[in-house]
Amino acid sequence: MTNLQRTLIALSFTVAAVMAAGVEDEFGVQPEIVHQFRAPEKMPPKIISLLASLIVLAPWVALIVGWSSLGYTPAKIVGSIKQNSAASTLAIASFLGTLAAIEFLFFNYWTHLNLFQTLGYLSVLSVVAFITGQRALTAIQLKRLRYTDHKKTQ
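According to mature numbering (1 follows the signal peptide of the UniProt record, and there is no 0), the stretch in the sequence shown is residues -20 to -1, 1 to 134, in order.
Keep in mind the hints are simulated off the structure, nothing from the lab.
Among these hints, one or two may not hold up.
Under the rule of at most 30 Å between Cα atoms (straight-line distance), these lysine-lysine pairs were calculated in the DSBU-like manner [said to hold, decoys possible]:
1. K131 x K56
2. K56 x K132
3. K26 x K123
4. K123 x K56
5. K62 x K132
6. K62 x K123
Using the sequences and the accompanying hints, generate a full structural model.
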């Protein structure tokens, strides 16, 4: 007969030494741990910060230049709002107020809120912005339709 027994794995275990009852580990004075804090982050050069600020402000400058080239002035905008009905003015003001609230929420996120808190508040404000925006655009559309109907009859 042939020998079919083979060794597959050879395992060996070491057992930790067990201390006798009453023998304790001795705790001695350990070396002092010295914490080394990392160096503070370097700020970018002032020219880069100024350039970034100009890039952020450039669309606002373009918007104001565009409005002035079309003839829109703050006096005309305020006069246009005064000509609207109270409901139309309220709809537009509430929509702009909601947009301002969203911007304020983003500021709070940047300063002290976390992402999940911000998303919770933003979900509520988004619904309000949708409703007020729809009403504001409807009011503007009705004003334009009345204006074009008035022009056609003349």
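Here's how the hints hold up against the structure:
1. K131 x K56: Holds. K131 to K56 sits at ~20 Å (cutoff 30 Å).
2. K56 x K132: holds, 24 Å
3. K26 x K123: Not OK: K26 and K123 at ~48 Å, beyond 30 Å, violated.
4. K123 x K56: holds, 16 Å
5. K62 x K132: holds, 24 Å
6. K62 x K123: holds, 13 Å
In this structure, the one hint that does not hold is number 3.
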